[in-house]
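J.: So you can see what is in the structure, the chains are spelled out below.
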Amino acid sequence: MHLSRARSHTWRKIKSALASGIAFVSAVLVITPLGLVFFHLVINGASSLNWDFFTKLPAPVGAVGGGMVNAIVGSLELLALAGIIGIPIGVLGGVYLAEYGSARLNSVLRFLADVLNGVPSITWGVVVYGLVVLRFKSFSAYAGGLALGLIMIPLILRTTEEVVLLVPNGYREAALALGVSRWKTIVHIVMKTASKGIITGILLALARIGGETAPLLFTAFGNHFWNHSLSQPIAALPLQIFTYAISPYDDWHRQAWAGALVLVTGIFCVNVIVRILTRGRTASVV
Amino acid sequence: METPERTVMERMEQGTAPPPDAEIPAAHTFEVKNLSIWYGEKRAIDNVTMDVASNAVTAIIGPSGCGKSTFLRALNRMHELTPKTRMDGTVLLHGDDLYSKTIDPAIVRRRVGMIFQKSNPFPTMTIGENVVIGLRLNGVRNQRFLNERLEKSLRMAALWDEVKDDLHKPGTSLSGGQQQRLCIARALAVEPEVVLMDEPCSALDPIATAKIEELIHELKAKYTIVTVTHNMQQAGRISDYTAFMYLGRLIEFGPTTKIFTNPTEKQTEDYITGRFG
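The listed protein sequences correspond, in order, to chains A and B.
Using the working numbering, you'd call the opening residue of the first sequence number 52 and step up by one each time.
Using the working numbering, you'd call the opening residue of the second sequence number 202 and step up by one each time.
Below are the DMTMM-like pairs computed for lysine to aspartate or glutamate, each with C-alpha atoms no more than 20 Å apart in a straight line:
no.	chain 1	residue 1	chain 2	residue 2
1	A	LYS235	B	GLU281
2	B	LYS365	B	GLU330
3	A	LYS247	A	GLU213
4	A	LYS235	B	ASP305
5	A	LYS235	A	GLU150
6	B	LYS319	B	GLU415
7	A	LYS235	B	GLU330
8	B	LYS285	A	GLU224
9	B	LYS459	B	ASP471
10	B	LYS234	B	ASP252
11	A	LYS243	B	GLU330
12	B	LYS365	B	GLU352
13	B	LYS285	B	GLU242
14	A	LYS243	A	GLU150
15	B	LYS353	B	GLU330
16	B	LYS285	A	GLU150
17	B	LYS423	B	GLU349
18	B	LYS319	B	GLU400
19	B	LYS319	A	GLU224
20	B	LYS353	B	GLU415
21	B	LYS285	B	ASP247
Hints are computed from structural coordinates only; laboratory data are not their basis.
Remember, predicted model here, so these are calculated numbers, not experimental data.
Work out the full structure, taking the sequences as your base and the hints as a guide.
T.: As structure tokens, then:
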């Protein structure tokens, strides 16, 4: 009797250890790819990262050296264009879902936004190709920015809605009871209270589209030179990486690695900023 | 829109002579006639008629769910924030129909301020910003005027001496009782005619409660106050008139001394003596 209880106790200990062991291994497996990716990028790309990479245009085929400055700047331009389209529509749409509208309409809109979030990104490229590129008979930065912006909208919309809903009702009532109009209450009290969360959503959406390649393939198209007009094709870091990686030249391969390292580091930095922004958020705001 | 420069004193001259403890008040701030309110199909307020005396404290008591909060919120149309509400009857504020089709609820709420059960200073703002935000968002830009009103409101809320050196600190850094007085200062800053209080002390400790009660006593010189309370002793201490509500109906309404010592209705007596509720 006594002995068997002791045995079952030991068995329970073993089971517990086993379970936490499996959980630990799973956690390691989750992080491993990130470590591997970063490790590989540093091994293969760091050697090609130099001043030229950030300041020079791509070298002509066959010539060694050159850089990706046009792609880095192009990516930033595309992000800016996408933001101009995606941020206002996403934020205002999210606020609408959280503050206005009928329950039934909102659940339909929410469902549609979730569907849009699941649409493969290349689809957006095709849509914008049909809508913009074919009509104006040119690949352009505008088209690329539009494709990326469309991807941003449902992402930002959903995160904005969630953080706005987290603002306690007491603040809305307090403002309304001061005789403040509904829209001023929403802009100055609700959105201000939720601003960290909204900005976090925007940054995460930018980080997400910053690495998108597929929607740019037949919208922004890529460019080996400076883009002098937003109605012309424009280079983007992911596109340049794609082009260089499938090329037959070793030097381009090295540059693709370097580009990927820059891209991942950039996205990593955005995520760090998000972490800093959201630190202590639960305590005071949202 | 009314000009912010209009003072409480001016408004008092237009209106009222305070009648402390008088049987029949000389002036009414609110005249509520046959007020009924529905939430969907549920009738929360059932045909309530009641006049609220000016420059006095009126307490509304009753068991949970009796409609006292709804009644209070109907006095500045805050109950309309709940979807699917419907009302019938009239509420006059100094003779103006609060539910007239042409009147904007925001204007009503500028005249009838409200303090909530849970203190709710805006977390993104400093103490000072919290006080003047109502004026700011209603379009007041004059910084000198805002500063004057800031000090005046905090003094009226008996908070100035405690926070005058910390106006730049977050409003949420204050203690619970101070936060509630900050909310009172915020409500007073827009110079309402009436202050509604929805169980303003129920989340506070006895010392903070005593301070708020004292404040209420001082404020009635300038404002009409309607407060909802669960605490019968509190109603006895702070109010001049008491209304007892039960199941959405107004059972009895009169001077507090009469309600507590010699109620007419059996239900009132039962509730006050703690036999139910």
